[in-house]
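Can you join these two chains into the complex? Each is in its own frame, and there are hints to help.
Given next are the chains, with one letter for each unit.
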Amino acid sequence: MHSSLDDEKLAQLARGGDIDAFDALMLRWERKIFALCYGIMGNADDAQDAVQESFQSAFKTIRTFRGDSKFSSWIHRIAVNACITQKRKQKRLAETGFENLDGVSWEPIASGTDSNPLHAIQGKELALAVRSAVATLPEEIRLAVLLKEFQNLTFQEISETLQLPLSTVKSRVYTGFKLLREKLGGRKLL
Amino acid sequence: MYERHPFEKCPDDVRILDHCHGELPTADSLLVEGHLRDCEHCRVLSAEFKSLSSAFAIIREDIEETPLRQSPRTHGEGILGRVLKVIRTHATRPIIATSVGALLVIVIGLMILKSGDSPSEITSMKTPTASPGVLSTPQSSAGSITPPTEVPSDPITDTGSANSSEEFRLAYVEPLPEDGVRLTDILSELE
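In order, the protein sequence lines correspond to chains A and B. The numbers in the working numbering rise by one with no breaks, and the one at position 175 of the first sequence is 156. The numbers in the working numbering rise by one with no breaks, and the one at position 189 of the second sequence is 188.
Isolated chain B (complex conformation) (with noise of 0.2 Å):
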């Protein structure tokens, strides 16, 4: 433990850190000098703080020799070199929007010219009928998941489209039960 000034009452830690930066009017810094010559407790917290800051500045001083290094990153760029690229692009850019937003409306135009040419292309379209082949939405087994319920029409295989329509009716309607059997298949059996 350090002994204090024998009569003064020492300054606020953070004023001594004042100190030590410079950072204290000339006349509190003579002032707190005074007091450091009587007082081994703060002599020895303002060398400490004095002693944190070269140390700091060792710190420094190497960080900012160091080249800097072509990162692979950036494919061997440095720092500014890239930045520049990015602020050239930027410069370019309300150039380019411009030109691409002109040429979005002449397009435009264009189109809408067009369509005033031939509504009638505009009120024929219509909802999209069912087409053929497509059957209902079969009624499945509780927590089951329905399939797809569209058969297309196929003209080749079109001569099987009712045997097909059975396949699916038995696969979907009346699924297989456990033990392989299907109720029909025992029934067409009996006739």
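Bound conformation, chain A alone (with noise of 0.2 Å):
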């Protein structure tokens, strides 16, 4: 039954105590907000120590949610504000690197619309090479570019989530991309 609710009807049931509404957020959002801890923690483990304190804030504090804000901008402002306190508990620097994923099979992804395994073969590098240079960049740069091309973010979505000016927002993201374009120097990105 909950899963044909959106998020905003899902939050209210929440709100009035029910357990099984808040359930089914979290699992409509459990892999999303990983994605997103997982791009600011650098590992598994602290983006799943992560999610978890993200999702126990968000059910300690599903009252204060108004509806004002779209649920996605709410629960990515508990996420980044749970990744930003566990790194202030670790006491690590900004610049971590992502640790390779456990499982994952980095065999060429073959699109859908691109049968050149050539093709495949660059993307996948390109993405290996993308995930080192992403770790370098000054963290609330990362954050703005992780929220925009992880979580397929709007700007005016990051700049709710952030609470940032749209300007400021857009700044962040181009930063991002010219500062990647930089290190990747010589790699040809076409």
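Among the hints, a few may not be true.
Among chain A residues calculated to face chain B with C-beta under 8 Å, some are [what the hints assert, rightly or not]: (1) 36; (2) 38; (3) 105; (4) 112.
It should be emphasised that the hints constitute simulated quantities derived from the structure, not laboratory data. Where is the CB? At the ideal position from N, CA and C, for every residue including glycine.
Dropping the structure here:
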């Protein structure tokens, strides 16, 4: 029954104490929030901890969600704060490297429209290079880039999530892309 | 160096990024598209932005397809299982807190009633007096640490209390000099 309801409706039910509604929200958002947390934390274990913290925090504060902003902006904000808090606790530096995802097969991924295996390999190599380069971005810029590229948020949604002006968000994403182009240097992006 | 548009001013790079992400209004998007056709510089920039976005898409797919591990730190539970456990515990806390609170009120009330029956017990509390055998703090040499002065009265060894006091005095009042011989020893020998 809950699977057919939108996020805002489920959040409204969860506010009223419906744990099943909150469970449905968690099921819906678990993977996406994990992807975001992975991008920020840099490893799967810390990302899972951050996801758990995010959802626990979301449950505690669900009553404060009035529906003025989208649920996606709200949960993303909670996840970002959870990651920042966790990082502070761990006292890690901003520049952390991505570690390889365990169990991930790095076989060339052939897209549906491109049957050229060479392009698939190039895509994989570029993805690896981008992963390494993203880890070296300044944290605030990396965060904006991850929200844009990992979460597919619009600039407006990122602005609501990070509570920054729209122009600042665009500037940070652009700076991130510019730095990535410079860091990838001689590697052909085309 | 890529050639720029022969006569149009190039749009801001952020605008090209907006266009790549499909976030420009339709009219603006068409204008940028038209510019890209004749501007190699902006066309290459746009292609590089799209290439980066494609790389991110590959990374994102891999992360999203990764099975969430049963971390040994969590004893094999999944993330959602752990969160639900915390939520359900959190939901029962008010009930427990209320019960504990009520119990405390009852206990404190009983204690007050009981203390109200015997006021003399309260007023009979006095400041502790010095117990026998407690010596005053000896004057120790400057810089040295004064040891505890209490000598407990022991009925079994009480016959040696004078000797123990003397030993105490010798040990702490008159510390052993460097040559190992006390003045009191010398004096006693003379006597």
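Cross-check of the supplied hints:
no., hint, result
1, 36, "holds (5 Å)"
2, 38, "violated (10 Å)"
3, 105, "holds (7 Å)"
4, 112, "holds (6 Å)"
The structure fails hint 2 only (numbered hints given earlier).
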